[in-house]
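K.L.:
Those sequence lines, one after another, are chains L and F. Residue numbers for the first sequence follow UniProt numbering, beginning at 1 and rising by one. Residue numbers for the second sequence follow UniProt numbering, beginning at 1 and rising by one.
Honestly, the hints are just simulated from the structure, not real lab data. All values reported here derive from a predicted model rather than from experimental measurement. Honestly, I wouldn't trust all of these hints.
[As the list claims (entries may be wrong)] Covered stretches of chain F (chain L as the covering partner; in silico rule of three or more C-beta atoms under 8 Å from a C-beta of chain L):
1. 29 to 42
2. 128 to 140
3. 268 to 278
In this text, a Cβ means the ideal position worked out from N, Cα and C, and glycines have one as well.
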Amino acid sequence: MLRLNRGTRIALAVVTLVVLGFMYIPLFVIIMNSFNSGRVAGWPIPGFSLEWWGKALVNPAVHAALLNSVIVALVATAFALLLGTLAAFALQRFRFFGQHTVNLLIVLPITLPGIVTGVALSNTFHQVLKPMGISVGYWGMIIAHATFCVVMVFNNVIARLRRMNPNLEEASMDLGAGIGQTFRLVTFPQFRSAFIAGGLLAFALSFDEIVVTIFTAPPGVETLPLWIMNQMARPNEVNQVNVVATVMILLSLIPVYFSQKASAAGDAK
Amino acid sequence: MNTQTVLERRPKPLSTALYRHPKGRLASLLTLPMTWLVGVYILSLALLLITAFWTTDPFTSRVKPGFTLENFQQLFSVPAYFATAMRTLGIALAVTVICAVFSVPLAVFMVKIAGPRLRALLAVLVTLPLWAGYLVKIIAMRLVWTENGFFNWSLSPVGVEGPGFGVVAVILTLVYLWFPYMAIPVYAAVSQIPANLFDASSDLGASGFRTIRTVVAPLLLPSLIAGSVFTFSLSLGDYIAAMYVGGSTQMIGSIIAQNINLNPPLAAAFSVVPIVLVVIYLAAVRRTGALNNL
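Same shape as in the complex, but just chain L:
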């Protein structure tokens, strides 16, 4: 056991408290501001009011933005699941020339800054495809999101494939099952949970993405992050933003709860 003297222990506890304060005070300030009776966000709030909650919850622009965010994230996740899984199988099951390059290619969109991805795709959509008469519109944003979501699925699925026993698939084929049957009955059930986890991460990543969205969203279309950003330029309505932010903080408890349950189940085994 690590023996630490009293001074070191206290110092470590203080650092931990500072970090927690730094992380949670700002979130607390946002939540309190969503109940602000004043027009201007700040601290301390002058009084308590549900006015902004009432306005934000019935705001049609918020509903439209939320719907867009969900659609884009769902479709992008579906693409990412397909592409990420195919790539994971190719890289885990085969040794081939250029393997490292393919690996780099998948990781690149998340390693390079979002603004590079956003500017590059927007440049292609607007300077190259549009003059050719091809308008990508809404799909441009979905394609952009799917591109950086692939890596989330890929990482999860390939990690599981590495731990899987290949003998089971061979046994299935020996018993006469075709490739499709083997995949459906033997292979897929073994990596299903990693597949779902990767999909959830991809969805969360797409739902939260702002920089790539700024550059690829078609005119007049807002996702939830884009709506928040556009509102921040209008100080009068800024407290509605705090309501939406508070809802997002509360929603973030869901994935944390499930991942905690999953890891607790893992420990129990």
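Fit chain F to the supplied structure of chain L, relying on the hints for placement.
P.N.:
Showing chain F alone in chain L's frame:
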């Protein structure tokens, strides 16, 4: 014999063909993802790089194909541009160092001092902000550091005034955004250190602090490097933080965003800067082998 007849009765041409031709199997797996990544992403990056050598007509703002190094020359010759690139690099390094400096004591506290229940709670608390949303955290930081915000309110009785919106607020905001990316791998690394190493170190007479410095720190280096790849690279490309808490502070991303419509070639040239910096950083840490942990 019976199995044989069943198999003969139900031929599986596709399965058989794919089984006989591993290259066909590989091709059928790789075609779709590679078409997407090369066709959409790499092609776009290449087009962006080509645009960086083109020119913009100053009167019509139209992009003209050609070849000029002028855009790259501007990066170095226009003092404001060069200063912005250096400032961004400095901010990214500062963010990385601050995240590392706070991650280690936090992880040691969680693993070695906190009991199992407190440790589980802390693990959740450190992970939670990861999900809270990027813009939510930026707004939160705005409310803390603004003139009539939380920081000035809580420390005004002791006469301390916050830094206001500027470089310091940008660094603090980026630390806030990316801290879990450093803290989680470091925590995982500390919890994997075998307990008997600590026993051995203390049997040999080392104090707790000396054990942390000579035993814990070297074992943490790979996870610190893995975390730093995220904190460094994500900070380099960010410009939303500078926009909302930076006052007049500009970062590389701000210049790219401002020029993307007015002067696309200059924006393209500028987006090469974070790519080069990230590649240099990855190459520098590659030798340590830490990248295999990503």
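K.L.:
State for each hint whether it applies.
P.N.:
Against the structure, the hints:
1. Counting residues of the stretch 29 to 42 of chain F whose CB falls under 8 Å from any CB of chain L gives 11; the rule of at least 3 is met.
2. As drawn, the stretch 128 to 140 of chain F meets chain L at 11 residues by the rule of a beta-carbon pair under 8 Å; at three or more, the given contact holds.
3. Given as covered by chain L, the stretch 268 to 278 of chain F passes the check, having 5 residues with a CB less than 8 Å from a CB of that chain where 3 are the minimum.
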